[in-house]
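Colleague: All chains, full assembly: derive it from the sequences and hints.
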Amino acid sequence: MEKYFLLFHDWVQCHRRMALATLTLFLAVCVALVARLDFKEDITDFLPVDEHYRRSMQVYQEVASANKIVLQFRSDEGMDSIIAGVERFGAELPKHDTIGWVRAFEPQMDMTVALDVAEFVYSHLPYLLDEADYARMDSLLADADFAPRRLAWIEHQLTSMTGSFMQPMLQLDPMGMGNRVAAHLRDFQPEMSWVQHDGYLFTADSACCLVTIDSPFGSSESDMNGRLVEMLNNVADASLPDGVTMRPTGAPVIAAGNATQIRRDTVLSLSVSVVLILALLLWAFRSLRSLWYIVLSTSFGFLVALATISLIGQSLSLIVVGIASIIVGIAVNYPLHFACHSQEVGEGRRTLAELIKPLLVGNVTTVAAFLTLVPLKAEAIRQLGLFSALMLVGTILFVLVVMPHLRPVKGRVMADGAALADTRQRIVGEAVVKSPFSLIIIALLTAFFGWFSLQTTFDSDISHLNFMTDEQRADMSQLATMQGQSDGVTVYLPATQTAMEAMRPTLDSLWRAGDLLAEKNASFLLPSAEKQRERLQLWRDFWQTHNYHTFLSQARDVGFSEEAFEPFQLMVEMEHKPLAYSDFEPLTSTVLTGYVSPDALVTRLTVADADAAARVESVLPGSFDLTSLNSRVASALTDNFNFIGLACACIVFLFLWLSFGRWQLAVIAFTPMAVGWIWILGLMQLLGIQFNIVNIILATFIFGQGDDYTIFITEGLLRDYREGTGRRTLIGYQRSILLSAAIMLVGIGSLILAKHPAMHSLAEVTIIGMAVVVLMAWLLPPMIFHWLLKIKILNIKY
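Once you know that position 196 of the sequence shown is 1118 in the numbering used here, the rest is easy, because the numbers rise by one and skip nothing.
Calculated from the structure, these hints are not laboratory results.
Be careful, since some hints might not be right.
Under the rule of at most 16 Å between Cα atoms (straight-line distance), these lysine to aspartate or glutamate pairs were calculated in the EDC-like manner [said to hold, decoys possible]:
no. : residue 1 : residue 2
1   : K990      : D1136
2   : K1499     : D1430
3   : K990      : E1028
4   : K1677     : D1392
5   : K1017     : D1159
6   : K1442     : D1109
7   : K1453     : E1053
8   : K1453     : E1028
9   : K925      : E1276
10  : K1279     : D1642
11  : K990      : D1159
12  : K1453     : D1055
13  : K1017     : E1152
14  : K1442     : E1423
15  : K1499     : E1452
16  : K1442     : D1430
17  : K1453     : D1430
These numbers were taken from a predicted model, which means no experiment stands behind them.
Modeller: Set out below in structure tokens:
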């Protein structure tokens, strides 16, 4: 392979214009391909979700009011002051919301909605009454005093303060046949601890007025929700009088807050890392041209990756592109090694000849490690693996094909060779390398860390990766308390009416076993076509045995007019046919919104704890609770990365063996990665750091960095041993490794300043991982190399 690159290098030297034209044409094609690439932003693409997860999350979004934003208006001056502020806010809102994001701002409770729902229910009693209702009416009508008592009660209600509200229902149901149906309807009213003042909803202490609006962007479009929240805050600033404040809360607000915090943390960490990395590179090379060559190399790799993704017809997640900043930390190794070595060697062809093997071996093993992501279920992780591999391939091609022909960099070497040699001598000098006590100490530390590594845990609770301020936590807790949310676990069971009827015996057995604490669904108020036909037949049978005219005659006798109960008479006399699901829209769009999805009813089962939820979900197909759903996804992701770790290890070791041609050399290059991984896991456990679905992705990057470093160290040991050059090559490689690790450590380690939990966890793993990887790369290969030579397991010919 080396001779082919050298032959190509010589050909380019003789045909520079043709090579430059070809490169220019290639870049133009890449730019054209990138221009047609589609981008998308969906964080769930990083989850190994199946159809069950997608369906469950869709149902949860529909029934859990995930798009609701609650505006909290507060003041120390009393409810009237708060109401005045709410009214001014409502008047100011249209001036700012010119696009119409807030479709309805209704701070007062709309009683007409409740009236419409009640009228719909009472006008459709034939579809809602069951055997128990008719048995109850049979018993009541058998009492001769029922009609007089009932009519007297109706007269009293009509003359009361609520008479105008109750009149339509009493005209439709003068006999009280729908009392049980009305009780079912009340079960779906929010169980909130609140008070009402002039139609405004207040908390129980009357200190906060709550106004609910819908976000048109759901809970996942954090950018647009951020703009919506910003607009609401601007309205509050422009309209609320002194002493009145407004604070929004809800899932869309939390999502927007996460996005805002990520942007702030990104700006802060990037500012710090860019300054420090530039300072490092300028100190290392004292040449802006070196920086330019490094930027050109990684930019070329980035462009090749985007163009190839476009060529194979895939869209690309913007989050994957954002993670490219980490991949750059690996890709920058190649131009860094070349730049460092060229400063020491001076001539491009010689630099190329000495670096082809270690660069190629390191690149192939790292690319292979990233390609192990491609078979995984999560779409964005598959894209991440492919994009990373393509970017590294593009970067290495630029380094091996283009960089040798660029003008050599003139500048000082990063550190004086003698000084660095002296530093290395103190860290891993001959005494350390040759001492058996060094191996014993490392073995004991590995055993120590290995014991703790077995206890390293994975945090499967995705909610721990959310950023929330103390105020937001308090607001969400208060809302949960107001809504009467219990300490139990809610299990959602989406199913059709037919499927629910089939699962009834299973539900009954769960009740008998004590696994269920509560069960609520809308099947009674949303009967299937078959159930409607059964109920309509019961309605007809009832009126064939009972004469409603008797009741109406008694009503006229006590003074009611002929038309007083005409709606009831019309309902009894008309012919009823089964209704479509859409005909129940007055219910499904109001009181039953949390219990219906487009193609199923959703039953809410309350259980005591996670264990009970697991038992319930194991026997009810399609059921889920949010915590266990996310945990299953996280567990699947963990299993995926267990596969990645094993696959990476096998691929890297086999390729190292193939490249070096000796299993002993493969062991020298591979052992630091294996031992380093044990140290990383042990240190994480000792420091109380857990893996999560974000920082576990970084494991692949650290593994990729580690194999690059150990390959260079092993190659340096071999070259110096064969050529008898002392430690010239090894020290040069160690210098570039140190610079590369410093860049990676600064680039991602600067996220330690971040407040967002996910970004902070990336920095924690990076700092531990890179420190261990560099230490292992510097210590173990020279020690193993020495001892294999000493005990004559390794025999190297000059």
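Colleague: Are the Cα atoms of K1499 and E1452 separated by 16 Å or less?
Modeller: Distance ~11 Å between K1499 and E1452 Cα, so the pair holds.
Colleague: Regarding the pair K1499 and D1430, is the alpha-carbon distance no greater than 16 Å?
Modeller: Distance of about 32 Å is beyond 16 Å: violated.
Colleague: Can the restraint linking K990 and D1159 be considered satisfied, given a maximum Cα separation of 16 Å?
Modeller: violated (22 Å)
Colleague: Holds or violated: K1453 with D1430, Cα cutoff 16 Å?
Modeller: violated (20 Å)
Colleague: Given the hinted pair K1442 and D1109, is their alpha-carbon gap at most 16 Å?
Modeller: holds (8 Å)
Colleague: Tell me if the straight-line CA distance from K1017 to E1152 falls inside 16 Å.
Modeller: The hint holds at about 14 Å.
Colleague: With the threshold set at 16 Å, check whether the alpha-carbon distance from K1279 to D1642 stays at or below it.
Modeller: holds (15 Å)
Colleague: Does the structure keep K990 and D1136 at a Cα separation of 16 Å or less?
Modeller: holds (5 Å)
Colleague: Under the criterion that the straight-line Cα-Cα distance not exceed 16 Å, is the pair K1017, D1159 satisfied?
Modeller: holds (13 Å)
Colleague: Just to be careful, I want the Cα atoms of K1453 and D1055 compared with a cutoff of 16 Å; is the pair within it?
Modeller: holds (15 Å)
Colleague: Checking one constraint from the list: CA of K990 to CA of E1028, max 16 Å. Satisfied?
Modeller: holds (13 Å)
Colleague: Has the given pair, K1453 with E1053, been kept, meaning a C-alpha gap of at most 16 Å?
Modeller: holds (12 Å)
Comparing the model with each numbered hint stated earlier shows that hints 2, 8, 11 and 17 do not hold.
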